[in-house]
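Undergrad: Each chain, letter by letter, is given below.
2 protein chains.
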Amino acid sequence: MPDIADLIKGVLRDDVRSVARAISLVENADDDAQALLKGLFPHRGESLILGITGAPGSGKSTLVDQLIGRLRARGKKIGIVAVDPSSPFTGGAILGDRIRMMRHSTDPDVFIRSMATRGHLGGLAKATGEAISIFEAAGKDVILVETVGVGQDEVEVVKLADLILVNLTPGAGDDIQIFKAGIMEIADIFVLNKADTPGANRVEIQLKAMLELGLKDKDLPPVVKTVATEGKGTDELVQAVFNLTAKKERADLAARRKKLIAWMLKDITQEKLYGLIGRAVKASEFERYIEKIFSRKIDPYTAADEIVARLTDKRSREKR
Amino acid sequence: MPDIADLIKGVLRDDVRSVARAISLVENADDDAQALLKGLFPHRGESLILGITGAPGSGKSTLVDQLIGRLRARGKKIGIVAVDPSSPFTGGAILGDRIRMMRHSTDPDVFIRSMATRGHLGGLAKATGEAISIFEAAGKDVILVETVGVGQDEVEVVKLADLILVNLTPGAGDDIQIFKAGIMEIADIFVLNKADTPGANRVEIQLKAMLELGLKDKDLPPVVKTVATEGKGTDELVQAVFNLTAKKERADLAARRKKLIAWMLKDITQEKLYGLIGRAVKASEFERYIEKIFSRKIDPYTAADEIVARLTDKRSREKR
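Chain order of the listed sequences is A and B. For what it's worth, the numbering used here labels the leading residue of the first sequence as 1, then goes sequentially. For what it's worth, the numbering used here labels the leading residue of the second sequence as 1, then goes sequentially.
I should point out that these hints are in silico values taken from the structure, not numbers from a laboratory. Be aware that a few hints might be false.
You can't tell identical chains apart in this list, so a pair holds if it fits in one copy or across any two.
Simulated pairs of lysine-lysine, DSSO-like, Cα-Cα distance not exceeding 30 Å [stated by the list, open to error]:
#	residue 1	residue 2
1	Lys292	Lys248
2	Lys159	Lys297
3	Lys272	Lys38
4	Lys272	Lys258
5	Lys297	Lys258
6	Lys292	Lys259
7	Lys247	Lys292
Predicted model only: the values in this text are computed from it and were never measured.
Taking the hints into account, I'd like the entire structure generated from these sequences.
TA: Here it is in structure tokens:
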């Protein structure tokens, strides 16, 4: 059991082993984790939160790997929050991605926290917020939030970054069709990866035409072409990120951080309420409700009302 | 405002307009919806719940469309629960899918409920369970639960079906690699769609070899080859579904239904608790907490504790 006060001090001076231990502690999510996060919370960093999203197979992981390399070459310290659905469909791919990023695994200034193990009950905002808290307290310069752009929660979490990169690939079939539906509004920079593929120029022209149509009065987000596997264009991409960051309004950044806080606070409150249910209704009682619902003796709405009533009754009884 | 008792009667005799109205009512999720669902709940049908999952682009929607046609030809009444992440990435594709299924839209015995609008707070099990309840009460023979196989919740929900079809496509890159990670265990039938593509036979051989390796002592799930765009193989698929359904153990089916109930009950309880927070903590107070967290005057864990305490305090005060 590490001493929490010491661990906090270690994270604050960006001690490699302390940061690693803090992340493990938070992954296990016990009371110590909460004490740690409370202790780290007052220490705000000046980290840039960079969201990266793209459809599966768009070469996003290779791009992230290249970005890490370029940011490290500029002396930036990096924390990575990898939001991957822990789906059987992508399980293999995720493993591959992680291995690809392993070349940075001996670099003490590159930390990855994977979100692959999240449960049914949401908690994505909480887990992301906690990872960001640790990285901010440790003084990371850039925090990369990497998501697969499928699933509403994954898209929501990338919206909370300071700057959002959307990764496209030519030849991925109906890219343009797919990306029509709302991605334009959230992208700060488009990365057209695999730009050496036939048809890349056509896709670029289509994308730009679409952006001009869709975002009439606004600044068009830059489109940066890369060939991540060869490292081409990634320096230009990093430059575009820093140029755009410098132009971002403080108020805009604050609004996004507040959205993350609101979402996170709801997650945490929900989890605490859930803990209360567990204490008010025993597992065996919950099983009895399930049997009664299965045999249609009670409907699930009435059962839920009874559970909620029991929770608040118990609390008021304890108070007497 | 429809009279709920009349609406219940209408659904029970599978009146087209009543089923449509019931689905709309549940989508709007107000108090009437709960009264309706409570009223329908005791009426259990003998519906077969069929889960269909597959990676985006595997031609799943065309396959579902074909399945609907074949099932209708056998006189089966069908309800469809379409679980689509309402992601900007898939928005366009979903629209396309819906249009493809439109050819059944004039058929009164084919109903689709789409789950595209679900919020952050989960609720997928609740929404799925509710749609199933309506379809069961209306006496649908087959309820199709269609999911995109990315995202943990989507995979979880398909697990709750009586029978699970997993849709594969040759040439979708690293299909085999991707499907290694856990899909074998949940599939009852593999559908190798686009079977006229070069390489289809190779993929079939690989898949079967993998299944034999992975599921040593169990019955191997059948692999059915289809060309959904031409309707090839879909009759064989429907036959395979009914053959396998006849062999399924009652206990196994009951266990899956109970899992759905447990998950749904948690969703409903959570939602009711959430409603309580809304009443205990005003929006303006919640905003104040966000501001205080943003300015690091309070950490989100302490804020959540205060919110939960206020909730239970208020309840006990009301009781006095």
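Undergrad: Run every hint past the structure and note whether it holds.
TA: The hints, checked one at a time:
no., hint, verdict
1, Lys292 - Lys248, "between (56 Å within a copy, 23 Å between copies)"
2, Lys159 - Lys297, "between (44 Å within a copy, 25 Å between copies)"
3, Lys272 - Lys38, "both (15 Å within a copy, 29 Å between copies)"
4, Lys272 - Lys258, "both (21 Å within a copy, 25 Å between copies)"
5, Lys297 - Lys258, "between (45 Å within a copy, 14 Å between copies)"
6, Lys292 - Lys259, "between (40 Å within a copy, 13 Å between copies)"
7, Lys247 - Lys292, "between (60 Å within a copy, 27 Å between copies)"
When each numbered hint is compared with the structure, no violation occurs for any of them.
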